[in-house]
Amino acid sequence: MFKKLIVTGAIFILTACGFHFQNGQLIPKELQTLTLESGDKYGEMSMAMRRQLQMNNIQLVEARADVPVLRLNKISISDDVASVFKQGREAEKILMLEVEASIRLPNKAPIAISSKVNRTFFDNSRAALAKSAEKEQILNDMRQQAARQLITKMVALQHQIK
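The numbering of the sequence shown is my numbering, which starts it at 5 and goes up by one.
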């Protein structure tokens with residue numbers, strides 16, 4: 005009885021803290037090997053996607069007729085003013101990253117997937133250099149999050165693939 009209680013407690017603690025495996029076991033077998041295509045193959049979003057795919061044990065290969073293709077179709081970054089100072093200058097912005105992609109399986113129609121990530125960013129005009137470095141770091145984090153969301157959507161496709 006005591007062992008069951010300890011095992012149950014350990015499971016409860018691990019699930020409560022958000023622990024999860026990142027080894028790609030949930031990726032459908034058909035998508036374990038694929039080709040990544042993008043308009044800018046060395047762009048920041050393409051590199052973030054490539055890193056996340058490799059972290060999930062997805063093998064990236066050159067284009068072949070029998071290999072599925074993950075294509076990053078459209079990547080857009082925009083920002084809107086969220087609040088202003090008394091003087092009328094921008095105080096806070098909302099950064100938005102939208103990624104539209106498609107997965108094309110051999111001899112099948114492409115399946116569209118997309119990801120949207122929003123973050124707020126305090127725009128301090130007195131520290132311009134720090135502001136640009138912080139904004140770039142936030143954008144890099146957003147790209148990583150968008151790539152993770154696309155992989156999660158790939159996992160959800162397993163019922164459409166078969």
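Worth flagging that the hints you see were computed from the coordinates, not collected in a lab. Just so you know, not all the hints are guaranteed correct.
To be verified - Calculated lysine-lysine pairs in the BS3-like style (CA-CA distance at most 25 Å, straight line):
hint, residue 1, residue 2
1, 45, 97
2, 78, 139
3, 78, 157
Unchecked claim - Pair by pair, the computed Cβ-Cβ distance ranges are:
hint, residue 1, residue 2, range
4, 93, 59, 36 to 42 Å
5, 141, 36, 46 to 52 Å
6, 11, 59, 27 to 33 Å
7, 134, 48, 17 to 23 Å
As the structure is a prediction and not an experimental result, all values here were calculated from the model. Positions of the beta carbon are idealized from the N, C-alpha and C atoms, including for glycine.
> Against the structure shown, which of the earlier numbered hints fail to hold, in ascending order?
Replying inline: 1, 5
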